[in-house]
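Asker: If you're matching them up, the sequences are chains C, B and Z in order. According to the numbering used here, the residues represented by the first sequence are 1 to 244, in order. According to the numbering used here, the residues represented by the second sequence are 1 to 279, in order. According to the numbering used here, the residues represented by the third sequence are 1 to 262, in order.
The hints are simulated quantities; they were obtained by calculation from the structure and are not laboratory data. Hints may be right or wrong, so weigh each one.
Said to hold, decoys possible - Chain C regions said to be covered by chain B (calculated; three or more residues, Cβ under 8 Å):
#	region
1	25-36
2	44-50
3	67-81
4	113-120
Claimed, not checked - Where chain C lies over chain B, by a calculated footprint (3+ residues, C-beta under 8 Å):
#	region
5	79-88
6	136-145
Claimed, not checked - Quick list of simulated restraints, FRET-style, between CB atoms:
#	chain 1	residue 1	chain 2	residue 2	range
7	B	E72	C	K17	18 to 28 Å
8	B	E112	C	R230	43 to 53 Å
9	B	Y67	C	K216	53 to 63 Å
10	B	L36	Z	G51	51 to 61 Å
11	C	P53	Z	P124	18 to 28 Å
12	Z	M65	C	K216	19 to 29 Å
13	B	E213	Z	P131	21 to 31 Å
Every residue, glycine too, gets a C-beta built ideally from N, C-alpha and C.
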Amino acid sequence: MTYEKRYDGRDFDETRKVEIKMGVIPRANGSAMFSFGNTKAIAAVYGPRLMHPQHLQNPEKAVLRCSYDMLSFSVTERKKPGPSRRSSEISHVIMNALTPVLQLENFPNAVIDLEIEIIQADASTRCAGINAAALALAHAGIPMTDLISAVSVGNIGNKICIDITKEEEDYEEDGEKLATDIPVAFAPRKNRLTLLQLDGKVKPEVLKKVIEAGNKACMKINEAQKKALRDLKMETELPEEEEK
Amino acid sequence: MEIANITKKRLIEFLEKGKRFDNRGWLEYRPLKINLGISSNAEGSAQVFLGKTEVMVGVKLDAVVPYRDSEESGVLAVVTELLPMASERFEHGPPKIQSIELARIVDRSIRESEIIDMKKLCIKKGEKVWSVMIDIYAINDDGNLIDAAAIGAVAAIMSAVMPKIDKDDKVQYGEFTKDKLPITSAIPTTVTFYKIGDKFVLDPTTEEQDASELRVSFAVSFPSKEKKSKKIDAENAVINAMQKGGGDATLSSEEINTLIDLAVEKAASLQEKIREEIE
Amino acid sequence: MEAKKEAEENEEMKKTEKKPKKGESKKEEKSEKILKIPRDIVVPGEVIVSGEDYLPSDGTMRESMNIIATRFGLVEFIGRLVKVIPLSGVYIPRRGNTVIGKVIDITYNGLRLDIGAPYEAFLPMKECFFPHGRELEEYFNIGDMIIVKIFSIRRGDINLTMRDRGLNKLEGGMTITVNPNKVPRVIGKEGSMVNMIKQETGCLIVVGQNGIIWIRGENIDAELLAKEAILLITSKSHIEGLTDFVQDFLEKAKKGKEKLIK
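The shape of chain C in the complex, shown without the other chains (with noise of 0.2 Å):
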């Protein structure tokens, strides 16, 4: 017995289908929403701006400060509001993801605010998360030297797949739970890694064609996120004028 057909009749390498929005939170120096089929992520920027409290300042360089969360109504099970454990932990390995292509040199002492927010979840946020956020640091015009793109790779069964929902990371055989989450980012250009993690049992072998995989499907999640920004027109609305 083994995972033949994916339940939504998806391609073991394609991901749900892509959605992005810019400029979605007109308030903020930057901001986007990026969707992965049903899981949905808005992040936003301000910044850089000055930090408080000062005893917080860099004075060689800007320090991003990330906040990951959901919508208590994202889930199935209503999350009550305000930061969790698990909440903490994923803004911290979000902002090491997003770090290594800013140029932060370029403004000691002051803070890049990034907000992400997840509207509905259906298994991978963080890298939805991770995607709207890199578009929203480009859209705030924050200097880096890529535009970092995330995918989760799931082993289910003994398949690869990519971009896995909420039903196929509960995948079970057996009564045995079959299913690894791994999600990863990169950095295009140089294919540099910058997000890293596993949860479940993999083989050593199995997890390098994981990341492989997981690299293949950033690139193209790259595109995606390079044509929304090129579509941008960085227009803002004027009322109507009106017939009188």
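Please arrange chains B and Z on chain C, whose structure you already have, making use of the hints.
Answerer: The following block gives chains B and Z in isolation, referenced to the frame of chain C:
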């Protein structure tokens, strides 16, 4: 950046002459847009735009032990988060008074209007009742979060469905029935008047809100005797909640009386727009 | 640092006016590829040109044989220099910039201003300019707007001055905030755009490099019209013939209002 002194002065001067920066009338709302079902994992959810102001509201239901003094009645709670992404003025941390006040204003409008039929939320008397959690999130602040939040709460409630519950009264999270959350015809609509200079405006932008020193919110519902009334009759108006806030300025009795009448009129027309958007 | 860059750019502009075309270069000794043409939108991480012939300037960096964009913006070639004109980003203060700042604090030795930059801006008492006989805290209030010049930036502290032509506390009128990256479009070549708006609306207009703009006119309609014209520029900044487009808009708007009066 908060409004500059000279801009505030100009704003008030323009208002005296009947003009707002975006050419609206004093009592005119910005374009309203409501999207329902923004999270398929919620029993009910809505995204509301008032101009550029955006809020997201969700309704989550769960089976809980009832309060001892109301063993057959459902439980209601309203929580608000002014997300830091919505404004550079919002910070992380425990809820501040602005967020608490907003949640309580919306709570009173829902609770006192009795739009949710709490008596129909009993599962097993004294043991299990439905709890209705309404979570409001500010997503982009361009003024008047109170009214936007109130619209979102009502839209989420009106589109909410009951989750599946098994024979042991355990909620099957993520599985929904076709039954809607039981509601009445008493739909509340909140209108908040902001005093700028000595004029009152509705639905201010951030700039206008910065220039105001006082606000008064009214929650108005129009309960009708007919079960499924499509028409809003101002004759049936009931005021369910009122809140003066936004500063320590004061009002005269004449001003308040004028506002009460205006509130009924404006709540009725806003509710019509809301109902149109939801259908 | 900036003076050097400007000098470099002027040098390059004098050398050649020819704009490169996409594709392989005619030179065969060096393998050179130009992947983007002027005014193309680039995204961070994208390669703009390949080869040793070009030098990286603002918004770009060199990585072995390639020049990479490090900002989201439009590509510009100035001779051999490759730069990216940003479409977004907060105001980055430069020495000599004229900006409009808001008073956020009055201290014993000067004023703290918010100029929309990531750093504190300070206007020392001796650089303030106000009527003889008045006290600093009498003349200035928190929330006042002042036109100032940046006279030095040191390790994140911005020092301002009012002691120069055209710098003063603003009275009357109103201020609006636009994307600071669009300021060059609002001003136009040698002020052509902003002067045209001043003429058409009869308003006084001061454009701060930090994206804060002051408008003062004879009446409400004139001020609101100037504001609309400026917002139109920032929303359509990428089109050709923008000055004519905006002038057209202003003429139509004025005619429309005349019809109302009749």
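Asker: Of the hints given before, which are not true for this structure?
Answerer: The structure breaks only hint 7.
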